[in-house]
Amino acid sequence: MGFQIKIVGDFCNLRCTYCRNRDFDRDEKVVMSVETLEKLLIFLDSVPQKRVRINWHGGEPLLAGKDFFSHIVRLEKKHSNKSWLNVVQTNATLIDDVWAEFFSRNGFHLGVNIDGNERVHNIGRRNTAGRGSYKKAMRGVEALRRHGIDPGVICTITKKTVRYASEIFTGLVSSGFKNIAFNAFYNTASESDEDEYGLSDRDWYIFLREIFETWLHANDETIRVREMDAILAWTRGKSSNDCSFRGKCSQWFAIDHTGNIYPCERIGKRICFGRISSFKDYNDLAGSRSFLEWKNSTNLLPEKCVACTFLSLCHNGCSGHRQADNQRVPLYTYCESRLDFYNFVHNQIEKGGEWI
Amino acid sequence: MMNTNNSSLLSSSRALQGAFRRIESGAGFNGACSSYTDTTGDPGHSDYSDYTDCPGE
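Listed in order, the protein sequences are those of chains A and B. Per our numbering, the first sequence starts with residue 18, numbered consecutively. Per our numbering, the second sequence starts with residue 9, numbered consecutively.
Hint data in this document are derived by calculation from the structure and do not stem from the laboratory. Each residue gets a CB set at the ideal place from its N, CA and C atoms; glycine is no exception. One or more of the hints may lead you astray.
[To be verified] Computed far set for chain A versus chain B, every beta-carbon distance over 12 Å:
#, residue
1, 135
2, 234
3, 237
[Said to hold, decoys possible] Example chain B residues on the side facing chain A (calculated, C-beta under 7 Å, incomplete):
#, residue
4, 21
5, 22
6, 23
7, 27
8, 31
[Unchecked claim] Residues of chain A clear of chain B, computed beta-carbon distances all greater than 10 Å:
#, residue
9, 32
10, 121
11, 285
12, 302
Okay, chain A solo, but in the shape it has when bound (with noise of 0.2 Å):
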């Protein structure tokens, strides 16, 4: 069970020119009540699972302040029954010593957002005068290590950086990032075909591959690869418990600053259960009818799925990234490159060795 809590709304202090919150409200600085904070973790102490994962959030959570964090610190403390698993994804621009002491003391995860090396990341992840942000992001980072934290990275990827993968998974690679996902850029506030940061499946696919590759030939065994190690599991019968490849929404919330629940961030706003103030607990909310209905939305499987091969790998994708299919039935947008690059990772492997 996890909830994605966006404690600043989308406010953030980068202005990454791929962003796909740029048409919400991020010219206006909000941030979550302590009051808020207190009722939200009330709610979720009564989840029916023990372990809750908290995925503090944005815009730049960091932008909350420092109080913000020790009073999240203190109110877990009080509802002690659960065991609160925090993590935070950052842009690691605000990250110093001090922010990378608190988390190190208090036991919580950090992912970051780092498009590549210097000149890849700075292509669209920029600060407000339009400068790019890789400098200070990876001064962050450092900070992070020196306090024994090694972050996450997601990696996003727009129309104006796919052609670069060997040098984007080079570039994380020498910045001493082990642990890489990568995130295909997909437009929430705007579909038209004129965008200008979405990817084709094409672009996709290949990009794939060229990761597969770079990350073969860089041939180390302590880099860990999301898209890569799916497929790997799935070579072994197993399915990724990532929410990108399981096709399940009902084990994920997006939570704003007022308190606002949603499907998840990758919705946008379009779909909202409520307000946590409007639910009696948990598992109100679980039986609601808007979120039911959500539930029962996303796990309709399009006929292309019900005779793919890989469906137990992919499950249509993520729920957020999908586009009404011939029948109207809501297929995953990167269909195409999804199965291309199964075939070719699924024929590589077979071709491979005694071990598998």
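Since the structure of chain A is provided, determine the placement of chain B on it from the hints.
Showing chain B alone in chain A's frame:
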């Protein structure tokens, strides 16, 4: 694009062997449960194990 149509590369690949070890153990680099999913903040990572057996397979 490089040519990976090369079985010797695959069979001797430490990268692949490391990935399969992670997958089989369901654990991360540090041996802690789900430690290698927990370090990214993308939505929906699992609570305990990264991989479940595919139903019916």
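Structure-based check of each hint:
1. No Cβ of chain B approaches the Cβ of residue 135(A) within 12 Å, the least distance being about 21 Å, so the stated non-interface status holds.
2. Look at residue 234(A): its CB is around 7 Å from the nearest CB on chain B, not clear of 12 Å, so calling it non-interface is violated.
3. Listed as a non-interface residue, residue 237(A) fails to keep its Cβ farther than 12 Å from every Cβ of chain B; the least gap is roughly 6 Å.
4. With a least beta-carbon distance of about 6 Å to chain A, the hint placing residue 21(B) at the interface is held under the 7 Å criterion.
5. Given the 7 Å rule on beta carbons, the hint for residue 22(B) holds: about 4 Å separates it from the nearest Cβ of chain A.
6. At about 5 Å, the closest approach between the beta carbon of residue 23(B) and any beta carbon in chain A falls short of 7 Å, and the interface hint on this residue holds.
7. For residue 27(B), the suggested interface contact is upheld, since its CB lies about 5 Å from the closest CB of chain A, less than 7 Å.
8. For residue 31(B), the shortest C-beta to C-beta distance to chain A is roughly 5 Å, which falls under 7 Å, so the interface hint holds.
9. Every CB of chain B is more than 10 Å from the CB of residue 32(A) (nearest about 20 Å), matching its label as outside the interface.
10. Taking the minimum C-beta to C-beta distance to chain B, about 13 Å, the non-interface status of residue 121(A) holds against the 10 Å cut.
11. No beta-carbon of chain B comes within 10 Å of the beta-carbon of residue 285(A); the shortest separation is about 13 Å.
12. The beta carbon of residue 302(A) sits about 17 Å from the closest Cβ of chain B, which is more than 10 Å, so the claim that it is off the interface holds.
Hints 2, 3 from the earlier list are contradicted by this structure; the remaining hints agree with it.
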